[in-house]
Amino acid sequence: MSSTVRVIDVSKEYGRVKAVRETSFDLAKGELVALIGHNGAGKTTLMKLMLGLIRPTGGNIEVLGDNPAAGQFAGRRQLGYLPENVSFDTALTGRETQAFYARLKREPLASALKLLDAVGLGDASRRRVGTYSKGMRQRLGLAQALIGRPRVLLLDEPTTGLDPELRQTFYEVIQGLATEGTTVLLSSHALTELEERAGRVIIMNGGIKVADGSIERLRNIARLPTKIRLKIAGLSPGELPPWLPADAPCRRLNGHVVEIDAAPGRKIELLHSATASGTTVEDLDVIPPTLDELYAHFLRHAERTP
Amino acid sequence: MNALIIARKEIHQAIRNRWVLASTLLLAGLALSLTFLGSAPTGSVGVRALDVVIVSLSSLTIFLIPLIALLISHDAIVGDIERGTMLLLLSYPVARWQVLLGKFIGHLAVLAFATCLGYGIAAAALIATGSRIGSDSLAAFAAMIGSSVLLGAVFVAIGYLVSALVRDRGTAAGVCIGLWLLLVLIYDMALLGVLAVDQGRSISAAAVDAMLLLNPTDVYRLFNLTGFANVSSFAGMAGLAQSTALSAQALLIALVFWTLIPLGLATAAFSRREL
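Protein chains in written order, with the working numbering: chain R, 1 to 306; chain B, 1 to 275.
Hints are computed from structural coordinates only; laboratory data are not their basis. Keep in mind that the hints are not guaranteed to be accurate.
When the alpha-carbon atoms are kept at most 25 Å apart in a straight line, the in silico DMTMM-like pairs for lysine to aspartate or glutamate are as follows [as the list claims (entries may be wrong)]: (1) Lys105/R with Glu22/R; (2) Lys114/R with Asp66/R; (3) Lys105/R with Glu82/B; (4) Lys114/R with Glu96/R; (5) Lys105/R with Glu274/B; (6) Lys18/R with Asp168/B; (7) Lys18/R with Glu62/R; (8) Lys18/R with Glu274/B; (9) Lys267/R with Glu216/R; (10) Lys18/R with Glu82/B; (11) Lys134/R with Asp198/B.
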């Protein structure tokens, strides 16, 4: 069995609030999974359930062979977690903090301390955490999550507060880990960042899983139109190219750019007509539905069918 | 092992935050002033200088050590949860009882260090100024230091129990101050009032013993002021020492139970807590 995390029919209620409702999914070895959904959708609750910080009202969870709800934690040596709004004891320095966490995982200090350089903490690691900015605390948070090459990484909003350069390095690091077999579950609001990176997307809404699959698969299910943008010479304002089928929705953007919504399956046909001889197309862009649009689609869909 | 890693970090933090320095200086300062100012009534030639110090110092300890212990311990759990550090710590391969035990060892080590050093300085100063001190006095003094640490352990454990049960730090602080007032001041006054009204008619000596055992500060007081004959004659508690059926060992065991029971309850409450 290559699943590292199994969530089976899990529900979690806080009094009358249902934070997670009968959700199931398996995460396999080497998967990079994006968990998306707006605030209160149940992302953080799911991660806390996987860590045994809270117990499910119903259903079962298995993480690296442990049942976290029963207080089993042997597998946590191979688990890294970065909470949303991570915080540390302010009196200790970055290095001391990292060393403390490495000891708890029985990992060699030298390699754990090297991670501080990898996340770009450098000299600041000798200063007290109390003096750190939000971005620096986030870097330290990443460094501790990566101790001991974890087999499962749970990252709750990992890139908030990171500058663009470090985001890049961060994604390189976790993609490297995923290639080596680490399961990475990542929750985020920054959907555009995840678009090219996540092999799989789980969309949560109101505690319910509303979509689960690779971006391609979600695009197929959603059947959202692909946008084709054409730059056409010699087109007067308001005029549309003559070869355009009447039933293809289109609009004029700035100047002489025309945007066509191509329904799935009609993309090639439209491209054929656009590039056929006699047209004055100078440039062409094909934009598949973005993760943002897919997300919005699935949320609308979920709200229509409660 | 995990508990020791956590204890080590707690000690490290306490040193950084100047908790160790502050509590040691406070205890040493008070012990020294009691040693030298407090010897005025017996005169400077008093041969029993250390015994007098034990009486005054243990009375002071009853107020101070519980206060310091509760200050350290009241936000050990709820504070870490509020600051968010507990969330990360519990994602590591540690059990919750190990977290609590580690904190307990760390906090108790800080308290023990401050007490031993602070009070030790007072005894050393007496010896250095040329007082003659008998070995029985020294033994009583050592017993006082040891039992003071044990009293600290009791209140650290009580602080954890409060910390594991309440929802926010402010409540924890409030409840701890209330408990301190109750156990250190109100309980004794109430007990005294009841005894004075009763005039020994219906309350037996055994009942008084039981009531004293129900308050850890009274157990401590009884242990130090009646446990050693040389001290009890100064403490004005010789009468009580004769009437009580509680031996020194029994009193020490009572203090150990007063530590273990709140600590066990705190562990149970913390283990069930969701965060």
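The hints, checked one at a time:
At most 25 Å may separate the alpha-carbon atoms for a hinted pair to count; Lys105/R and Glu22/R exceed this at roughly 33 Å. Distance restraint check for Lys114/R and Asp66/R: the Cα-Cα separation of roughly 29 Å exceeds the 25 Å cut-off, and the hinted pair is therefore not satisfied. This hinted pair checks out: Lys105/R and Glu82/B have alpha carbons roughly 24 Å apart, not beyond 25 Å. Using a Cα cut-off of 25 Å, the hinted pair Lys114/R and Glu96/R holds, with the two alpha carbons roughly 13 Å apart.
Our distance criterion of 25 Å between C-alpha atoms is met by Lys105/R and Glu274/B, whose separation comes to about 23 Å. Among the hinted pairs, Lys18/R with Asp168/B is consistent with the structure: their alpha-carbon atoms are about 24 Å apart, no more than 25 Å. For the hint pairing Lys18/R with Glu62/R, the CA-to-CA distance comes to about 21 Å; that is within 25 Å, so the pair holds. For the hint pairing Lys18/R with Glu274/B, the CA-to-CA distance comes to about 16 Å; that is within 25 Å, so the pair holds.
Simply put, Lys267/R and Glu216/R have alpha-carbon atoms about 15 Å apart, close enough for the 25 Å limit, and the pair holds. For the hint pairing Lys18/R with Glu82/B, the CA-to-CA distance comes to about 23 Å; that is within 25 Å, so the pair holds. Distance hint between Lys134/R and Asp198/B is unfulfilled; the C-alpha atoms sit about 64 Å from each other, more than 25 Å.
Violated hints, listed in ascending order, are 1, 2 and 11; each of the other numbered hints is respected by the structure.
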